[in-house]
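Trainee: Each chain, letter by letter, is given below.
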Amino acid sequence: MNTLKTLVESIWDQVDMVLGWHPGYDPLRPVPAFVRDRKDIASLIWNPLCAPNLSVYLAKSFKTPAHGEKKIGILAKGCDSRSLTALIQEGLVDRHRLLIIGLPCPGTVDPEAVKSARTQSGPITGVSFGDGWVELMCSDGVERLPLDQVLARRCQRCRHPHPVLYDVLLEDAMPRPVPKDPFAHVLALEEQPLEARRAFWLKELERCLRCYACRNACPLCVCQDQCLAESRTPKWVTQKDTVADKFLFHMIHTLHLAGRCTECGECERVCPMKIPIGLLKEKTAQIAMELWNYESGTDPVARPPLLSYDASVTGL
Amino acid sequence: MRNEALTLTNQSKSSLRIIGFLCNWCSYGGADTAGVCRFRQPPLLRIIRIPCTGRLDPMFVVKALVQGADGVLVSGCHPKDCHYAVGNFYARRRLELVGRFLPFIGIDPRRFRYTWVSASEGQRWQQVVTEFSALITELGANPGLGDHVEGFFRKESSRQT
Numbered sequence: 001m002n003t004l005k006t007l008v009e010s011i012w013d014q015v016d017m018v019l020g021w022h023p024g025y026d027p028l029r030p031v032p033a034f035v036r037d038r039k040d041i042a043s044l045i046w047n048p049l050c051a052p053n054l055s056v057y058l059a060k061s062f063k064t065p066a067h068g069e070k071k072i073g074i075l076a077k078g079c080d081s082r083s084l085t086a087l088i089q090e091g092l093v094d095r096h097r098l099l100i101i102g103l104p105c106p107g108t109v110d111p112e113a114v115k116s117a118r119t120q121s122g123p124i125t126g127v128s129f130g131d132g133w134v135e136l137m138c139s140d141g142v143e144r145l146p147l148d149q150v151l152a153r154r155c156q157r158c159r160h161p162h163p164v165l166y167d168v169l170l171e172d173a174m175p176r177p178v179p180k181d182p183f184a185h186v187l188a189l190e191e192q193p194l195e196a197r198r199a200f201w202l203k204e205l206e207r208c209l210r211c212y213a214c215r216n217a218c219p220l221c222v223c224q225d226q227c228l229a230e231s232r233t234p235k236w237v238t239q240k241d242t243v244a245d246k247f248l249f250h251m252i253h254t255l256h257l258a259g260r261c262t263e264c265g266e267c268e269r270v271c272p273m274k275i276p277i278g279l280l281k282e283k284t285a286q287i288a289m290e291l292w293n294y295e296s297g298t299d300p301v302a303r304p305p306l307l308s309y310d311a312s313v314t315g316l
Numbered sequence: 001m002r003n004e005a006l007t008l009t010n011q012s013k014s015s016l017r018i019i020g021f022l023c024n025w026c027s028y029g030g031a032d033t034a035g036v037c038r039f040r041q042p043p044l045l046r047i048i049r050i051p052c053t054g055r056l057d058p059m060f061v062v063k064a065l066v067q068g069a070d071g072v073l074v075s076g077c078h079p080k081d082c083h084y085a086v087g088n089f090y091a092r093r094r095l096e097l098v099g100r101f102l103p104f105i106g107i108d109p110r111r112f113r114y115t116w117v118s119a120s121e122g123q124r125w126q127q128v129v130t131e132f133s134a135l136i137t138e139l140g141a142n143p144g145l146g147d148h149v150e151g152f153f154r155k156e157s158s159r160q161t
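Residue numbers (this note's numbering), protein chains in the order written: chain B, 1 to 316; chain A, 1 to 161.
In case anyone wonders, no lab produced these hints; they're calculated from the structure.
You can trust all of the hints, since none of them are fake.
Partial list, computed: chain B residues near chain A (C-beta under 8 angstroms):
1) ARG198
2) MET251
3) LEU306
Where chain B lies over chain A, by a calculated footprint (3+ residues, C-beta under 8 angstroms):
4) 63 to 74
5) 77 to 87
6) 94 to 104
Think of the CB as a built atom: it goes at the ideal place given N, C-alpha and C, for glycine as much as any other residue.
Model the full structure from these sequences, guided by the hints.
Mentor: Written out as C-alpha cells, the structure reads:
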C-alpha cells in the first residue's frame, strides 16, 4: 500500500517541484505547499481538509518553463483534475510538463460547517479521519462527527470524486459516491418565481466586497492582468459599491467561465462573505450540458463549446 | 436636441426603450431597407451597429438589462450567410446560452430576443420590430436592478431635471 510520502519519493527524479498541501496555522486549514527540496516531502499531507485547488497556480505562476526544467508534480483531487484537464484543453498548460498525482477524494470538509456542527468550544488542536467520520481534538476532549455532516456544498454535488486525469494514483481513500441529482441546488432556486430569484441575488450580492478572491482562486480565470473588472477602457464596472456593479462583476466572472467552468467550487469556498456564487457557474455548466452535451474538464482533447460551432445545426 | 428628438418621435423620457444590436452587413441593412421602403415601425428601438454578431459579448445583453433597458434585440445574418463566414455560428451559441441564463439571475428572458434578418428583408424586419415592441409594451418597464443603478437610461434623465 502506497502512502503519499512513498509515492512522491518514487516520482521525485522526474520532477523539479511538487505542488501539494502542508499543515497551516490552523489544523482545519492546510495550506498549499511548493516542495522543491526532497527533505520537505515528509511535510506533505492529504486528508479531506486539503481543499485548495492547486491547479490555480499553474497557468498563473508556472506558465513558462525555465530552461531544462523537469516536470511539475501536482496533487489533484477529482475536481482539481478536471480543472487541470480544462487548462490542458485550452492550451493554457502543457500536459507534458505535468506529473499528476491523482487522489480519489472522499469529499472535502468545510471548516465553517465543522464550527457549527461542534458541541465543544475549545480551540481545535488536532484532527484525524476515518471511514466516514472526522475526529476533532481540543482541550475539552475528543469529538467525532460524521463526514457527511461537514462536507462542503461543492462536494455534496460532486460528479467526479475520482480523478479524470492522472499519471500515478494514490489509492488510500474511497471516492465519494456520485449523488443522484448534482444540480439540485440550481433547480431549487429555479422553482421560485422570477421576482424571488431577482430578490435572492440582490440580497446575496449586496454583501459582495469585490475583493476578487473568487476570481483569484479560480483556476480558469487566467486573464487577471487585464481583467475586465479592473479595466477602465472599456469600463464595465465602476468603483462604486452599488449592487449593480457587484452584480456585473459576477456576470463577467460567470459569463467568461460559461462552458469552461469545471465546478470545482473554489469561488464559493474562498468567498469571505459566504455568497453562493458557485450556483451561477453551476447553472452555466448545466446549460452547456443541456445544449451541447458537454461536460467541461473531462476530455483533454475536446474543444470547449463556446470556442467552436456546429454549422450543421439549422433553425433559429 | 434630445427633447427635440423626443417630440419628433412622440415620446417622453419615460418611454420604453429597446436596445438593438444589429450586424453591419445584414440586419443593419435590413433595418435600412425597412426605412427606405417606409414600412411603419414602433419607435421603441435604439439601434447599435456592430460589425458582426460574433462581436457581441453576452455582457452587452446583461449590462443593458441590468441598467434598465426594457428589451434587447440582437439580429445578424442568417446562419451560413455571415459576412465573416462563421461569426454568427459562434454568436448563436453565446446568445442561446445567455438567453437561458437570464431567468436564473431573475431577469425576464422575454426581454431578450435574437433573430436573423438579411439586408433585403425589410418586411421581415418590420415584423420583428413590431412583434418585439408589442411584447415589451405588454411587459412594461424593466426595473433593472432598481435604484442602485446609475446608467444612462432613466437616471440620466432624472439628473437633468
